[in-house]
Amino acid sequence: MRRRPSAAFWVMVVLLTLLVVVPLLWMVITSFKTVGESQSDPPTLVPEDPTGRAFGEILTTGGQNPVLRWALNSFAAATLHALLVVVVASMAGYALARMEFRFKNFIFSFILLTLFIPGFVFLMPNYLLMDNLGWLDTLWALVVPGAAGAFGVFFMRQFFLAIPKELEEVALIDGANAWIVFTRIILPNAKPALATLTVLSFLANWNDFVWPLFVLFSPERLTLPAGLSLLQGAYTTDYPVIMAGATVAAVPVLILYVFVQRYVIEGVARSGIKG
Amino acid sequence: MAVQASAGTLRKQRARASAGVRGYGRATPYLFLAPYLLLFLVFVIGPALFGIWMSLHDWDFQLPGKPFVGLQNYKDLFDPLSATAEPFWHGMRATGIFTLASVPFLVAIPLALAVLLNRKFPGRTFFRAVYFAPYVLGVAVIGLMFRYILDTTFGILNAFLGLFGIPEIGWTTEQPWAFVALVAVTVWWTAGFNAIIYLAGLQDIPAEQYEAAELDGANTWQQFRNVTLPGLRPVTVFIVTITLLASANMFGQALLITQGGPGDTTRTALMVITDTGFSQFRMGQAAAMSYLLAIFLSIVALITFALMRERKS
Chain Z
1 MRRRPSAAFW VMVVLLTLLV VVPLLWMVIT SFKTVGESQS DPPTLVPEDP
51 TGRAFGEILT TGGQNPVLRW ALNSFAAATL HALLVVVVAS MAGYALARME
101 FRFKNFIFSF ILLTLFIPGF VFLMPNYLLM DNLGWLDTLW ALVVPGAAGA
151 FGVFFMRQFF LAIPKELEEV ALIDGANAWI VFTRIILPNA KPALATLTVL
201 SFLANWNDFV WPLFVLFSPE RLTLPAGLSL LQGAYTTDYP VIMAGATVAA
251 VPVLILYVFV QRYVIEGVAR SGIKG
Chain B
1 MAVQASAGTL RKQRARASAG VRGYGRATPY LFLAPYLLLF LVFVIGPALF
51 GIWMSLHDWD FQLPGKPFVG LQNYKDLFDP LSATAEPFWH GMRATGIFTL
101 ASVPFLVAIP LALAVLLNRK FPGRTFFRAV YFAPYVLGVA VIGLMFRYIL
151 DTTFGILNAF LGLFGIPEIG WTTEQPWAFV ALVAVTVWWT AGFNAIIYLA
201 GLQDIPAEQY EAAELDGANT WQQFRNVTLP GLRPVTVFIV TITLLASANM
251 FGQALLITQG GPGDTTRTAL MVITDTGFSQ FRMGQAAAMS YLLAIFLSIV
301 ALITFALMRE RKS
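In the order they appear, the protein sequences are chains Z and B.
According to the UniProt record's numbering, the first sequence is numbered sequentially starting from 1.
According to the UniProt record's numbering, the second sequence is numbered sequentially starting from 1.
The shape of chain Z in the complex, shown without the other chains:
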């Protein structure tokens, strides 16, 4: 365990890195090729005749494949969703971590239990619910239902349990009410957890595929993932265009990930071990 990493070790680490990076690079490279070159055999590693045609096609055809519009929809939905999750989950998580009330354990166990109900069970009933609320084909369908998930509450509760109680007790003795304690003392101390939950919720919503595919219909209201499957249908063999679409969906999250990877990774790690 304490030996210095050997050459074989480094070979493995580098190979694994290539395994991750090469497909992504290939996607980006292809998006700059002509249709003919994208289907050449053997494939060319560097575009011989690099062209921005594919990006032009998806970013400017406006009405038909409004990729920018999809990106904007995705961004709006994911941002609002993440904010909603953070607000309701931190409030509920705080009550479950720090307050005394009847049925507390029952409520918490019940919420936790739903973490293990597979998502497809909710697909049909929630679709009909959206229909009845008039939320089909709107942003609301993307923002709200997912915020009822158990993960955020569980995650925030675990974090609040670790904050020393003395902080709150002193404030309460000084006459502060619960809301002041929560917003002025608890939340500022929970910034890392709030950041992690925001990022995780944003990513999950940004990448969601099944739900938007069925609750959205109008081409101008789709999210990027749902739009991409439409793009694949429209440009069956125009791989540069499809790869350009995938690149537009991938690059923003990869850039975001570079800056926030610490939160993402810690959040995932923490959700696993304390479960």
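Hints listed in this document are in silico derivations from the structure and should not be mistaken for laboratory results.
Computed from a prediction, not measured in an experiment: that's the story for all the values here.
Worth double-checking, as some hints may not be accurate.
As the list claims (entries may be wrong) - Okay, the calculated beta carbon distance ranges per label pair:
1. Q62/B x E266/Z: 24 to 34 Å
2. Q62/B x V11/Z: 35 to 45 Å
3. P206/B x G56/Z: 18 to 28 Å
4. F296/B x T236/Z: 34 to 44 Å
5. A162/Z x A85/B: 49 to 59 Å
6. G25/B x G233/Z: 53 to 63 Å
Every residue, glycine too, gets a C-beta built ideally from N, C-alpha and C.
Given chain Z's structure and the hints, the job is docking chain B onto it.
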């Protein structure tokens, strides 16, 4: 005595830590819980119960009436002559094969990856971030990207294998390659996720246990078997459970990469369910299918739990 006393103190501290802070009003906890609980009741509990209700009705949402049919939707799924049974079990088979084939890899490879990343070496954080990166991309990106990479005639994978004299493989058009491709893509996409959870689990195993094992003369492999694996058991149970759930939900990969083919072989249960519900508008039957799949899934999860506990004793 000293040990007992400290255990007692610890218990008291724990009890204190789990108790709430005094001084909050009676209604306060409910006010804090209200926004979440409202969402929870409307979008989780309500739909879960409503789904059962739907599955007991002939819920064609294009028709005005939704007559109560009792367990007929479920019975139909077991009646080989009904229109729903054949596609459903076909989809269950595809989901079953995918789950059976992917879960072992999605447990073993992340474990190996975590052991690798648990060693101290320069750039460890960087490589950890790289291996996790595919997971931040959604299934839509992954699906389109690999559909191109796996293309039989101009995909780069076959071109690469061709350098070694390996003839063209129909990754998306032939079996068993289509399943191999779907499993491999899923491993590529999600191994980093499971590995990070394993890594956290590894860091929770006290170093003293390894030191003790080393004093007993255990070699690296013996340490792995007798310290690492038992120490990771709770994490493994968690990983197996979430991976089973994810595999049963498989949809995007098959839709975008193999389009359910070749034939209907990779048309998963969820594809059948959404097709029945959203394309054929028979939502009652689709709901019955989802509940039956959920029941199957919980049985599999319970068996897994039981097996993992068995190994402990």
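Cross-check of the supplied hints:
| no. | hint | in the structure |
| --- | --- | --- |
| 1 | Q62/B x E266/Z: 24 to 34 Å | 48 Å, violated |
| 2 | Q62/B x V11/Z: 35 to 45 Å | 60 Å, violated |
| 3 | P206/B x G56/Z: 18 to 28 Å | 58 Å, violated |
| 4 | F296/B x T236/Z: 34 to 44 Å | 35 Å, holds |
| 5 | A162/Z x A85/B: 49 to 59 Å | 51 Å, holds |
| 6 | G25/B x G233/Z: 53 to 63 Å | 57 Å, holds |
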